[in-house]
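Here the structure of chain F is known, so what remains is to put chain Z with the ligand in place on it, guided by the hints.
Same order as they appear, the protein sequences are chains F and Z.
Here the first sequence stands for residues 1 to 140, numbered as in our numbering.
Here the second sequence stands for residues 1 to 434, numbered as in our numbering.
Derived DSSO-like pairs (lysine-lysine); straight-line CA-CA distance at most 27 Å:
#1 K94/F x K386/Z
#2 K67/F x K408/Z
#3 K4/F x K386/Z
#4 K408/Z x K13/F
#5 K13/F x K425/Z
#6 K26/F x K415/Z
#7 K13/F x K415/Z
#8 K67/F x K393/Z
#9 K386/Z x K67/F
#10 K321/Z x K311/Z
#11 K125/F x K386/Z
#12 K348/Z x K67/F
#13 K34/Z x K66/Z
#14 K13/F x K393/Z
#15 K67/F x K415/Z
#16 K415/Z x K54/F
#17 K13/F x K386/Z
#18 K274/Z x K45/Z
Note that these hints are calculated values from the structure, not bench results.
All figures in this text were calculated on a predicted structure; none of them were measured in a lab.
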Amino acid sequence: MFIKQLSIFVENKFGRLEAIIDTIGKNGVNIRALSIADTTDFGILRVIVDDTEKAKKCLSDAGVVAKATDVIAVYIDDETGGLAKVLGYLTEEKISVEYMYAFLSRDTSKALMVVKADDEEAAEKALRLKGVEMLNPENL
Amino acid sequence: MAMWQPEYEALPRHELEKLQSERLVAQVKRMYEKVELFRKRMDEKGLKPSDIHGIEDLHKLPFSYKQDLRDYYPYGLFATPMSEIRRVHASSGTTGKQIVVGYTDNDLEMWADCFARMLIAVGADENSFVHVGYGLGLFTGGFGAHDGAIRIGATAIPISAGNTQRQIQTMIDFGSTVLCCTPSYAMYLGETIEEMGLKDKLSLKAGIFGAEPWTEEMRAQIEEKLNIKAYDIYGLSEIMGPGVSYECEYQCGMHVCEDHFIPEIIDPDTGEVKGPGEDGELVFTTITKEGFPLIRYRTRDICSLNYEPCKCGRTHVRMNKPHGRTDDMLIIRGVNVFPSQIEEVLLKVGGDVTPNYQIVVDRVNNNDTFEVKVEMSEELFSDGVKGIERVEKTISENLRSTLGIGPKVTLVNPKSIVRSEGKAKRIIDMRKLS
Ligand SMILES: [Zn+2]
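Chain Z on its own, in the form it takes in the complex:
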């Protein structure tokens, strides 16, 4: 199996952990000196860098949060003088002020290497044409792919996002073999290419899609429409950008570049570290980054980690696709429930359309009540009582097996779920009101 940096990607785990420990100790020491907020948080916990001997002490370190980036905007968390920062990226986020991150020369090298690992894993080489359809700008997506393509000696096509006709023309004329863009745009491109009857003119072999959530159903459709294999990539600008983790040729979870980023899964309420395979909030510690390092950064993404060896020979842990955000997680009768899990079940029952739904949680006699209201649609409706009861039962049983607890399912009239600014209000948690 081809690897870009087998000396790291396939490093035996005990050696990898030794490397992580050395890097973590050095990073903590450096950040304690250079980053005021980190020093303050360490002092509050009564911790000194000398208390951290290796990754076994990782759980002792203080968390960092998205809010920190806003509070110390723009450069307050940078750990090097600005003269060493070669490039900045920013993301606006959905709420409030933008955040900004910076990269030194080494950081940019490391980022290019991480993306290069993915390109090699999906079968790219120096003969490939990498079609960079992510935005090339302040957003981290495009440049990561661009630098990665150059790093492996492929030909980069920095077309950036938008202008579908030109994208398709370029793809055909320039012979693009690897497509990098968001999964929803890949889907749109696929549909357009299908309509135009140009599928045979494409040279595409693989697609690298990330920066937004997508489902396995979408993957199958993209693969069919573009006649490629579609791979998932994960990243966030606070940590690095795309390439923090990526799928290998087996498409079975995303390998985290563990020689640079240590992932942990924690209980978002207590901060306790959870075991392998357990769902929780994903937390990252960057152990090699110079310009903008973060210790135990709370991503708010929910997923789990799989330490089982992968068929590809890479020893780096695999994370599954994040299937929710802690922002909208509900705890019902002690069980974590994410709206995205409910959406997935409804998508299957609804025949590829997700019916509108609403989760209603209340507390009666100290017991949580859990109801899912689903809007009736032509697809779900039938003339017979039995048929409709079967729909209710299927939804309810599928939700029970997915979530671990079963809600009462109520079918309601179309458009009866309250919408504000066009978006349906998904969660009504009345427990907070009392």
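If we strip away everything but chain F, and leave its shape as in the complex, we get:
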């Protein structure tokens, strides 16, 4: 099960990040998860929002480049080794994780992790076959 992630180009300039988040908020779109990858020259802001299309459009109108990509968000048991177990399934299939970040879960007994693998389709399949629970886009 895939969910949509929005990747946003952030120019390395004072106030850019705030302006982007502000634009999303002002258009009534709710950010559910967020992570930033940055280099000395630029950053990539990755967000999971409740309305990807709307967010993409309002960003584009504001002159911001954003692209939607498919990612998976997996539920992790809130116990020691919970994450390691899930990552182990991927390693078994020789799938590498490019990045991941935490997600606010509405269910307090579980943690949610967004996982971007080098082969996202294979990762989704591997985890599905192992019975790992993934976030349904309808529950965003």
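Chain Z with the ligand only, in chain F's frame:
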């Protein structure tokens, strides 16, 4: 290989240079008598016509400039009485007053011959239908092609520019075989013909395109869309109009009609003459023109000259396509940089769309800093840091190999480069401010 005037086009170089020398000496003598501005400039340099013995003395002669044509508007630089001027042409230019040039009977003959050389080189003959889609008016484009077509005995179709539907209908009904127009219009015609599904109805074999800059990518597209071979032609109204130089069947640089025009490449800052193959400003001396002759005219176009023999057998030097104007040339760390070179690199990286860019030059501790800002776009953006860094690196490396110096490449937000009147400001040179 067919030639229109093989006695000139394939003249061995030493004989060609002898002919050029004779013509140059006569031209300098005549202009010294007839053109006040030229006489004044010669006197200022302490030069007499008798000091000029041949082309080896060309570099001693004073330059002439576009501004001269404005200062002596309309007829102040003409070298014959107006009774001998048979036709005038004018161009408005992008700034200020229009300029006007005039042609005697001999000048018009010579022009027709130059264009005829090109027509023969691209395979035209008396059975050809030459579709003249350049404007037939004060602009020099149309008449050059028209007279050239008549000169070789072909059928001229003087349709002039505009009205695309009629152009296409005429092309099909009249059986046009050679298309003459601007490359951007050829592209537009090609696209329209493709959309209408009429490509098979065309009889076109060759296209002669000039009067504006175009790229090799455009050439490939035009050739594909119209199913022709597309040839480049160069000219400027101050010198003659289209036909000053042209591509032969090998499409490997434009042969300059050297029996009429002597080209030089100079350093635009110092005026020093540069060697074969070196880039610099193109300068022309007209050695046969009567009505409106010019000595060492600064075209402001940047290109280089190739004296290697051409496979076609023509001995006339080849100039490459001008790839910039001295007006917007930058000198960074002693290297000449043209925005057009940067555009070409970005076009390739951007997947056929040129992203908006800006060149920022500054001087820090007596060293030039050189930055190219490129606007981020959907085409260049990807989710991964590595992917974007790869884009930056590709741009930076390609620029380094093209320019000889490597700029810092910075990706910026779309539409963040300042525009004035819709046009992005391409160059910010802060060195001039200090
Ligand atoms: Zn040739």
